[in-house]
Every structure is written in structure tokens, then in C-alpha cells.
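Position chains W, R, L and Z with the ligands relative to chain B; hints supplied.
In the order they appear, the protein sequences are chains B, W, R, L and Z. Position 34 (the first sequence) corresponds to 34 in this note's numbering; numbering is contiguous. With positions in the second sequence counted from 1, the corresponding number in this note's numbering is that position plus 1000. With positions in the third sequence counted from 1, the corresponding number in this note's numbering is that position plus 2000. With positions in the fourth sequence counted from 1, the corresponding number in this note's numbering is that position plus 3000. With positions in the fifth sequence counted from 1, the corresponding number in this note's numbering is that position plus 4000.
Everything labelled a hint here was simulated from the structure, so no lab data went into it. Be careful, since some hints might not be right.
[As the list claims (entries may be wrong)] Computed cross-link-like contacts, PhoX-like style, restricted to lysine-lysine with a CA-CA straight-line distance of at most 20 Å:
no., chain 1, residue 1, chain 2, residue 2
1, Z, Lys4266, Z, Lys4215
2, L, Lys3129, L, Lys3082
3, Z, Lys4064, B, Lys55
4, Z, Lys4181, W, Lys1055
5, R, Lys2123, R, Lys2173
6, Z, Lys4086, Z, Lys4142
All of these numbers come straight from a predicted model, not from anything done at the bench.
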Amino acid sequence: MEAVPVRHPGRWVAIAVLALVAAMIVSSFVTNERWDWPFAFRVMNFTPVLEGLIKGTILATIGSMIIGISLGVVVGIMRLSSNPVLRFVGLAYTWFFRGIPRLVLVFLFGSGIGYLYPRFDIGPFPFSQQLAGFLGLSSDLTIATLNVNDISSTLIWGIIAMGLSEAAYMAEIARAGILSVDDGQREAAAALGMSPSLSMRRVVLPQAMRVIIPPTGNETIAMVKDTSLLAYLPLGTELFFQAQAVSSRTLKVMPSLVAATMWYLVITTVLMIGQYYLERHFGRGYGATREQTTAHTKKNRILGKGA
Amino acid sequence: MEAVPVRHPGRWVAIAVLALVAAMIVSSFVTNERWDWPFAFRVMNFTPVLEGLIKGTILATIGSMIIGISLGVVVGIMRLSSNPVLRFVGLAYTWFFRGIPRLVLVFLFGSGIGYLYPRFDIGPFPFSQQLAGFLGLSSDLTIATLNVNDISSTLIWGIIAMGLSEAAYMAEIARAGILSVDDGQREAAAALGMSPSLSMRRVVLPQAMRVIIPPTGNETIAMVKDTSLLAYLPLGTELFFQAQAVSSRTLKVMPSLVAATMWYLVITTVLMIGQYYLERHFGRGYGATREQTTAHTKKNRILGKGA
Amino acid sequence: MTSSARTMPLVHAVNVHKAFGRNEVLKGIDIDVDEGEVVCLLGPSGSGKTTFLRCINQLEDIQAGRIWVDGDLAGYTEKNGKLHRLKDKQVAAQRREIGMVFQRFNLFPHMTALENVMEAPVKVQGRKKAEVRAEALALLDTVGLSDKESAYPAQLSGGQQQRVAIARALAMKPKLMLFDEPTSALDPELVGEVLQVMRDLAAQGMTMIVVTHEMAFARDVADRVVFMDGGVVVEQGDPKTVINNPQHNRTKAFLSRLRSEHEQVAAAARDLVV
Amino acid sequence: MTSSARTMPLVHAVNVHKAFGRNEVLKGIDIDVDEGEVVCLLGPSGSGKTTFLRCINQLEDIQAGRIWVDGDLAGYTEKNGKLHRLKDKQVAAQRREIGMVFQRFNLFPHMTALENVMEAPVKVQGRKKAEVRAEALALLDTVGLSDKESAYPAQLSGGQQQRVAIARALAMKPKLMLFDEPTSALDPELVGEVLQVMRDLAAQGMTMIVVTHEMAFARDVADRVVFMDGGVVVEQGDPKTVINNPQHNRTKAFLSRLRSEHEQVAAAARDLVV
Amino acid sequence: ACGSDSLEDPGASGSSSSATESVDVKTDDELAAMVPAEIKEKGTISVGSDASYAPNEFLADDGKTVEGMDVDLFDAVATKLGLETKWSNGGFDTLIAGISSGKYDVSVSSFTINDERKKQVNMISYFDAGTQWVTTKGNPNKVDPDNACGMNIGVQKGTVQVDDLEARSKKCEEAGEEPIKSVVEQEQSKVTTSLASGKVDAMLADSPIALYAVKQQGDTLEALGDIYDSAPYGIVVPKDQTELADAIAEALKSIQEDGTYETILKNWGNESGAIDDFAVNP
Ligand SMILES: Nc1ncnc2c1ncn2[C@@H]1O[C@H](COP(=O)(O)OP(=O)(O)OP(=O)(O)O)[C@@H](O)[C@H]1O
Ligand SMILES: Nc1ncnc2c1ncn2[C@@H]1O[C@H](COP(=O)(O)OP(=O)(O)OP(=O)(O)O)[C@@H](O)[C@H]1O
Ligand SMILES: [Mg+2]
Ligand SMILES: [Mg+2]
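Next up, chain B with everything else stripped away, as it sits in the complex:
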């Protein structure tokens, strides 16, 4: 209907202020030489930085998110199990791996394990080494010896450390998602003769995705930057580490950090676009991604959605 819309002066003031701030920031970007944009761009294109971006940051993020999500879903399901032992294990896992800082975990994986146990003797039972020592035997109760130092600085090892840590966070996210799916869905699947695991995979999880995706997006974007902790493995092929190396050599701290941040923003953009499409995919059949059309949602309600 033709009508004068409501004025929101407060809102427009807020928008104006934001625009002003944005203009100021842009203005300063353009005019302040200390940003040293030409140098920042050179750092972005610097071969070691690029290599670190691709071989370290991106690869490590993909790898550890794959481990984190798959293991996390398993742990999340364990936390909802009717078996108290499994439930306890799930709880203990989320407790421990959320409690230990990633930096410490990576450090433990990289140097700590080797420091504590230079050789990893896999005995036939726990305490076998100690027992042997106690009995005065030479420690022949050893099945295999792993030289921890041989593998400790590899990317794969770092990915495992980050993946284990991520799984604890993903477990909570998966748990919240699974809890949000109506029990009737599980029962309908059971009544069709689906096994619990099939029903989880085909019925519950796809519906839980709507609730799981946004926080998982958070985790992924955070992981992109947390891969910089791999420097504590130590592993130098990593975007942020290389940018910092440039900064400590040239003492041009700001443009080096800007270069790294620019790359992070590029990755974040790509991930957010991906997330948008994922949300749309898993919102099929729902009026889920409300941005699409509110009309759609309303129709669902009228047509008996949620019944």
C-alpha cells in the first residue's frame, strides 16, 4: 500500500556513524605511509609466504578439520549414548582436549613427547617397562620401538594434534545439533528398519546440520589462524610464521602482519561463501535460511511444518 514508511532516525544515525568510521579507516589506509602497502603486497607474493599459505595453512586446516569433524561427531554421539562408559569417555575427551591449550598440545606432540620419552617402547602391557626395571630385568619386554623424533616435525603430525583438539570442540557442536532434532525422526527411521547408525547418518545428522553449520564455520575460520601454532611443532612452512620471519628480519612489522591478515581475509571470504551454500543446501525442505524468503517460512507453518 502506498504509505510513508516509518522513519528510524536512530538507525540512520548509527549507520552514518559506521560509514564515517569506515571512511576514516579507508582514508587512513590510503594516506598513512606507515601501512606501507607496496611492501605488504610484496610480502603477500613472497614465495615462502605463498608456500606457507598453501602447504601449511590451507592444507593443515583442511586436514585437521576433517579429523576434527569426523572424530568430533563420534565423540558427540558418545556423549549422548545410553552406555555410561562411553558417555564418560566422551566427557573426559571434551574435558581434556578443551582444557589443554593448543599451543601446549602442539608443543607436546612436537618436542614434548620426544623429550619425555625419547624412545617410545611399545610393551606388551602397561607398566611393563617399569615392571622390568623393578624386577631387575633388562627392559626386554618391548615389542616395538618408535623413534618419536623421526615423525615429530611433520605436517601430518601437526594435523593430528590440531585435529584431536578440534574434535573436542566439534563434539559439543554436534551434540547440540543432534539434540535439536525431534525424537520422532529417529523413531520413524527405526520403524523403517534402519539401524541406529544408518538412522544417524541419513536422518538425524542431515537435519542437525542446520544447527551445526554456523558454529562449524566459526571453528574452521578460527582453525585457519590457529594453524600458526604449528610453528611450535616446530614447522616453518606456515603463512603467519613466514610473515613474522619477514617482520623480524626487516623490522617492518606492520606491513608483514597486514600481508598475513590480507590472506586470512581472503580465506575467510571463500569459507563464508562456502558456508552460505552449505546452509542453503541443508536448509532444503525448511524455511531455514530465513534470508531467502520469509514468505516461504510462513507457508511452511501454515502447511503444517513442525507437525
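Only chains W, R, L and Z with the ligands this time, still in chain B's reference frame:
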């Protein structure tokens, strides 16, 4: 009914393996001198470490989560607004603050802004400084001058930086939570004459909490450890920084890190207990926290919940 | 506006048009409802009954036409011949005069029955808790739920939930009650409870617009039935006249469809009545 | 076991007991259903009808008694006089013989109608997609939804959703169909569609247990009605006999309650029928 | 294939690197005989270093190779011992753990020798680093190292300069003046940034580092006063590897004798830090 339960040999094997691993870890804790437990406990009780724990880590976590959650909810609501400008601002916010690494943000807050803009001249309009320079005027178009360096190393400044970053993540979590609440609830509230903001506060958000709490627990626990980034502000009153200071002075790396980790595990324990009660509180009226009783959930369904 | 308020019916809808995208759902509805009148809306599925109720309560924007409720133009104010949209707060104030009961109840699941009823008077009208509490308990009593005050919606049967929903709407002391198929999500055994509450309400002189398929209710309680089809009012009048002697073909067709359903029930019922 | 299978009825429930905590809901139910028989379960709310259906399909554990479906003991196997619980996979296999239709449909919202129907045959029985697809389309056709194959549940009316649910259950070619008040969540206009599909199914010789309040359906379609109250079977037999001449007081009381509801409808219907 | 291998502005003309004298070291069989058998067998010695401390150790343009004064020095030592070096870059904390776990045979990373450290590992002195104050060009805030009370002074965490500042601050308080506000940064590069930004009035650091910063940012920074409080840097060797420690000490003496030591220090502009007494756990 009296019956022989199903045997799950695979499950028991898995549990046995886990128990074995746990036993091995405990065994090694007890028997490996390199952990140096007595020293670790001394570090835990070391005054600068304790001070860092309380004045830095705990205070900073509380402060930045308060900012992060409140601002995050606002940004999350903006992303769902029907006003395209607000929606864009929300999107840009989550994009930028998730894209920029916290370390860089903290550094920018701490030294970077001062480096780039040693004096912060608040002019009557953007570019006023530049304009003045261009016109050959002395830069008198200045309203106030803020000496950035005076505030840049304070805890409150670090809390603001972390809070701004956290808000971007919380916005996504809040958005997912709000989307999970049925539209009928909003309409029922509107029909009772509630304004949109009242309906959000009293009706939508309390129900969204069930989906919001678990990932928020993740964020809080992650924040506890991310406060160690305040060292880049730089701010030395912080648990992890102090533990590392001990380690680099004495070169007893492992026990120092263990001391910090022990404190983190203590905080994580407290937070997880708090989360349990929060989930229970916001699960009232639902069979939500399924651990409580599956019977409850089933009854709900039978009694017509979700209708 | 206020000068004409005395002479206007409580609800005065003129030429209401509503489309969803290209789908024109209401094609010029004119309906007046006087104070104290009970009007039943009948019509086939998709005829726009729900949409019209939602328009009255401003849950949908209309494209053309005007709706006055209690003398106030819904959603707009007229200044110098120009329509100005009302602010959210003003819209909320208008809605307070109208109670709405949804087909799917839409109780607040995180509040007990009593809290559901007390929520709006306390938070919207800002009244004192103690006073509202006494009133709410009395309301729960009138809908026959005096013992369920501290039950959560999930612990109530469908019929009980719908009665709480009615009490919740009544707590705001609305001038007009809108019911959208209030019994169609209920098991047959529970329908009676809700219809009885509505009968009592009508007897007390509440103005009501009821979308329903319960012919018995329409016949016994309504002052007028309005038959809608394809987004227009096809026919309206005294319940018995419209139901027994429909004038228009569309009304006849709809009623004969319903009739065949009902005949079966009636046959079974006759057996039972023996 | 298999030796007795020939002589046993398709469903053979003996002394079934079920309690939720201290609340004893089933107190020794004995029911036999022969192959091809249609049995309607009647009874007041809370009498345990739903619970019994769920026990047959092992959605609930029973505390005492046994249920055989098609000669197989549900949920257990007997070795050396001792009961052994079946594994999840074996339970799932037993459930495949039974189709269940829920009151609230419980369609999978993220799958289209066709995908809902195809899901179990493809993923559970591991059959070929092309073959299942053809069958599923035929099934959707029999329930009158040939044009809705690619609609999501949210895009279907309640009656359409319930018919998809029936097609989904039938796609597994079950020996037994369980219906739990399949029409009570539907608007009156949509009830007819679903009942018609069930009538056709009965005519084709499907064994069915139906919890329903639709007396007309019970009277016309059921081979036997079973009246439950307070967790026991009070009375069973030929539909007309039980409905018109109930022997037990509890049956009489329940039917007279239903009667008063139906009388009103009947009165309205009589008017309509003129 | 993509990316550039240099950070030089492509427009700018050729490199300005000052002339460095090349060194030529030969294996000394006598010294080589002192090397423990297991390392000798390998033929290479692995060295851990935290390459964020220019010019002592930092990453070269390829983002992998560690270079700097420490690298040149220890490479010469290793050649004397008939060994090849394999340099790895790792965080400061990881170096010590790596030494104890056998990941690295030695660590050369500007470790200042102190008593607590000597309890954990063997340290062979090879260089004297003093403390050097640096301030902004022209010393606009009139910083006086001996009277910096109430000023903001930047320093890197974990360095001896942190203790130095603390002691000076205490003196200020005893004299009834305001304490020094020390700003402890995570990395040396950030300390320098803080100084350039005016967040701190001056900084103090190990002399090679401080002088390097001045050289890099000659137009904004200047050295303040003289080098003082010199303390030895030590090459870190596991506690149980005393033989190796002795061999390294001998090799250091040997490169001093043939002049290589002097040349390398000169190449990095650090000849003022030369020492005569290469000792294990001095
Ligand atoms: N939000 C919406 N977006 C698009 N179309 C809608 C929306 N709401 C309703 N419609 C359409 O408008 C028409 C009328 O719907 P409405 O719900 O008013 O009918 P009704 O008379 O209440 O029918 P029923 O008896 O089935 O409830 C239908 O064709 C419906 O599909
Ligand atoms: N999961 C459960 N936990 C506890 N009590 C339950 C549960 N399921 C059912 N009950 C109780 O068991 C009794 C029988 O329930 P049931 O749903 O079988 O009744 P019904 O005959 O199907 O009733 P209706 O006609 O209302 O559906 C009721 O008192 C109900 O509250
Ligand atoms: Mg409707
Ligand atoms: Mg039931």
C-alpha cells in the same frame, strides 16, 4: 525382562584399549621424572603465575565474553534483519573480525594503532586532517587529541580487542540459535502486543539458548586460553606468559607448561559444570538435556509437544 | 477518526486485498463485526480465511483496502490525506486490543501455564505481578485448569494447551478475539473442552471471529457465518440460513463435500445413539 | 520357533506388561491378530493403546510377557530356556516386517516425497535405485500423489503428508501395518483422503492394527475391535456388537462420552443432509 | 612458479649489501677425533635455533634457511670438527626440549649463560653480548639510561635486559622517584615497532640486535650510550654430552687462532663482542 543382554565385544575392546592408554599415561606421569611434578606445583603456586591467572586470564575472559556475547547477539540479530543496510553491516562485521587473527588485532590495539597514528586527532569530519594538509592550512581542524599510547597497554584495552573479535563468532552462534526457534513463537508474542525487541528478549532468545549454550561453552573455554594473546598487547599479567617466563628463565620447559595446563584444566572443569547447569536451566519445559531422562522426551512427544 | 468510532462496528474491513507474490489470496474482502457479535468464517482450504485473520492482527501487510479495529486504522495513520506507517510500538499497542488463538497453540514452551498467561500483562502492560497473578489464576480456573498452573506446555494435553492459549489471550483483556481453527489440531476427545470454553466466552458477550470446521459450533453459537472462497466473501448471514439454504453454487459445493464426510459420522453416531 | 510359525497368528501377544517407572501402563495384554485381519484399538486417552503399538514395533521395552510377530519372538531369542536380547541389527531386521504410521507423520523433512519413500528400500534393503524408484512412483500413485513426488514435506498439506507416510511404510512391503491415530492431527477436510487409502489397503488384504477414534471407519472396515482401558483389554469382538452392545461398564461409559460428542455432530449433519 | 623470491622493490636499483669477507675453514683431524662416535658416524650435526633474532640468527629469503652470525660461527666450528651442519628453526621453548630429546645435537640461538640454565644443560661461551640502549633519532625525550625513572622502556621477554630494567627501576624507587615502566614484548621486532611508534621512549637489547635495528632504521633510531654489562652467549649441548662440549670449545679456540672468528664477527659488525676464553660452563 530377565534376559541376557547383547554383548558388544568391539565396544569392550575399544574401552579396554582406552583404559590401557589411560593407564599408560598415568603410569608415565607417575614414573617419568622429566615431568618434574614438584616443580610444576611450585610454578602453579608462584605468585606472578597466580596473579596472572586471576588478574589476567580469568578477568580478561569474563570481560571479553561479556562484550562478545552481548555485542554478538546484536550483530547476529542484525544479520537476520529485514533492513539490508543492517544486514550488510552485520555481515561485514563477522567477515572482518573473524578474518583478522586475534594476535594481529591485539597487536594493532596495543602497538599498531600507536605506531600508525601516534596521535589520534579527532577532527570534525573524516579526511579533515588530509584536507587541511592539502589546503595548506595548519591542521587546526582537530577537536580532540587522544594519546593512544596512554591507554594501549591496559587490561581493559585488551578486553575490548578480544571482545570485539569474540562478538563476530558469537554472532554466528546467536544467528543459528535464533533460526532454530519456530516462527510461531514470534507471532504468538507479536499477537500479545509485544514489541519485536521484547519478544526477542523474553520469547525467542530463551528458547534459542538450548542451541546457543554448547558452542558458547566452546568459545568461553577457547577464550580462557586465547587470553594468553594479551602478551602481544603487551600485557604481562597473564597466566601463560608468566609460566613461559619461568620456563625461559630456568629452561624447565615441560613442568612450566604443565603448571599452566593444570590451571586451564581447573578452569575448564568449573566452566563445564556451569554449562551443565545452564543447559539444565534452559532445557526446562523441554526434554532437552536428554541425559536427564529419555522417558521425559518421549512423554513430550506423546503429549503433543512440537505441535 | 475518533468521531466516527462511535458509529463504526468494532471491526470494519473495506476492500482488503492481499497477495503473496503473484498469488492473490484476498481479492477485496468487506466484513463488519459489531461489538459482542460472534462471526464464524467458513470456506474451503486455501480460500484465505487464515490470511484474513492474520491481516486483522497485522501479521500480514495488506496491499490495498483498510481495516479499522475499534475505530483505529490498523497499521497506518492518516495525515493530510497521506498514509503513514505506524511504528513497531504503535502496531504492538494496536495488537493489544486483539487476542489471537492459533491452530497450533504456540504456547511459550519455556514457561509454565501460569507464566504463559502472566507474561504479557506484566511485561507488555507493565502491571503489578501480584495483581496479574491473581487474575491469571482466576482465568486458568475459568478454562478449567486451576490445577495445572505450574505445568509446562509439554506436560499438557493438546486440549489443555489450547485452553491455556485462550487464557493467555484473554489476560490482555482484548476487545476482540480471533480463533484460527482452534480445535483442528486436537484429538476428537479433546475438542469438546475447548469448544465449551469458547461457548462460555460468547455467552459473556466477547466479540469473536472464529475460523472453524465445527458446524455444530457455528450453528449454535455464531450470530453470523461468512462463507469465503477464492479470496472473496461469497455469502453471509444467519448460520441456519446459510448452512441449510446456501444461495451460491460454491457454497453449495463446499457444504455438500462436508456433508458427505459428516453423513458417515452421522451414520455411525446414529448407531451409537440407539 | 519356525515350526510353530504356521499355526500362530501373525501377531501373538501374551501377557504384555509395560511400566514407565512406577506407572504401570500395560497390565497384561493378550491380543492375536490373524493374517489379513484388520483390528481397531479403541479406548480412552491414556489407556495404553499407543504404548501397545510401540511395544509391537519394539520402540518400547516390555517388562513381562512376549510378543511374536510372524512367528518370531520380538526383541529376543530363546536359547536353552534363557532369553537373549537381540542385537540392534536383528531388531532392525524384525522391524522391517512391520510398517508404522505415526499420528504426527514424522516424514523426513530434508527429503522429497519420493526420497522419503525410496529411502528405506534403497538404504536398508540395499535394492537397486531404478527398480525402487519405479515402485515408489507407483505407490505414490496409489495414494493419489503422483504429482507430488518432488515436493518437500513442508510443501504438502497434512493429509498429503500422512499419505506419503503410508506410502513410505508400504515401500518396505511389510506383513503388518500399525496405524496410531493416523487422522487425528488432520483438519476435518483432509481426514477423508487418508481413510480412503486405508480402506483400499484393507480391501487388498493387508493385516492392520489401527488405533482410531473414527467410529465410522472402525465399523465399516475393521474385522474386530478391541476396547482397552487402564492397560487391559476390556472387551473385543465384532465391531457392530461391541459398539452397539457393549458388555462392560467401562466400554459403555467411554462410548456414551463419545456419543455425546458425536450427537452434536450428528445433529448438525442431519440439518445439512436435508 | 608463482610468487616472488625477493622482497626488494622491483623498481629499486641493485642490492646495497656491504662487502663481506669470505671464510675458508679446514677440518682439523685432531679435533675431529674428539667428537663422540655416534655423531661422527652420522657425519652431520643437527642444530636448533630460534631464527627470529636478526642478525644473530634469522630466516633467509627462502623462508627456510637459517642464517646470521651464529650460523657462520657454528658452521666454522663444525667444519673444524669434520661435520656438516643441519640447521632447524624452532621456537625458543622447543629448543631446550629438542636438545633433551635428541631432536637436536646442539642449539645455537644467542642463549645468554646463567646459573639456572647451566643446571639444565652444558653451555660453551663464544661471544660477549652487552646491553645497548636505543632511542628515537635525536633523543627527543631526553632519555638517560642511568636515570630513566618514570619512562616507558621496551624490552623483549625472557632476556637479561628484563632483569636489568627491574634493577634500575628498583633504584628509582629507592631514590624516591617513579619506577620505570617496562613494556615487555613477545618479539624483538615488536619492541622496535613500539619504539618507532613512540609507545616507548627507548629500548634496550643485546648489543648485536640493538645495533642491527639502528642500522635497519637508521633514519628514525639511534644508539644511546655505550655497550655495558657484557654477558657471554653459550652454545647449548645436552647435560650428558660433555665430550661434545669440550670438542666444540676446542674448535672455537682453533677458529680464533686462524682468524676465522674475527672475520665472521667483522662480517656482522660485531667485533666488539669477541672473547678470548671459550669455556664449558664458565
Ligand atoms: N506466507 C505465504 N506465502 C505464500 N503463500 C501463502 C502464504 N500464506 C498463505 N499462502 C497461500 O494463500 C492461500 C490462502 O491461505 P490461507 O491459509 O489463508 O487459507 P485458509 O482459508 O486458511 O485455508 P485452510 O483451511 O487450509 O487453513 C493459500 O493458497 C496459501 O498457499
Ligand atoms: N515415555 C513415557 N514415559 C512415562 N509415561 C508414559 C510414557 N509414554 C506414555 N506414558 C503414559 O502411559 C499412559 C498410556 O499412554 P498411551 O500414549 O499409550 O495412551 P493412549 O491410549 O495412546 O492415549 P491417547 O489416546 O491419549 O493417545 C499415559 O498415562 C501416559 O502418560
Ligand atoms: Mg487456515
Ligand atoms: Mg495414543
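We went through each hint and held it up to the structure:
1. A distance of roughly 15 Å separates the Cα atoms of Lys4266(Z) and Lys4215(Z); the hinted pair therefore holds under the 20 Å criterion.
2. Note on Lys3129(L) and Lys3082(L): the hinted pairing is violated, with a Cα-Cα distance of about 41 Å set against a maximum of 20 Å.
3. Note on Lys4064(Z) and Lys55(B): the hinted pairing holds, with a Cα-Cα distance of about 13 Å set against a maximum of 20 Å.
4. Taking the CA atoms of Lys4181(Z) and Lys1055(W), the gap is near 18 Å; set against the 20 Å cutoff, the hint holds.
5. With a C-alpha separation of about 15 Å, the suggested pairing of Lys2123(R) with Lys2173(R) holds against the 20 Å cut-off.
6. For a cut-off of 20 Å, the pair hint linking Lys4086(Z) to Lys4142(Z) is broken: about 46 Å separates their Cα positions.
When the structure is compared with the earlier hints, violations turn up for hints 2, 6 and for no others.
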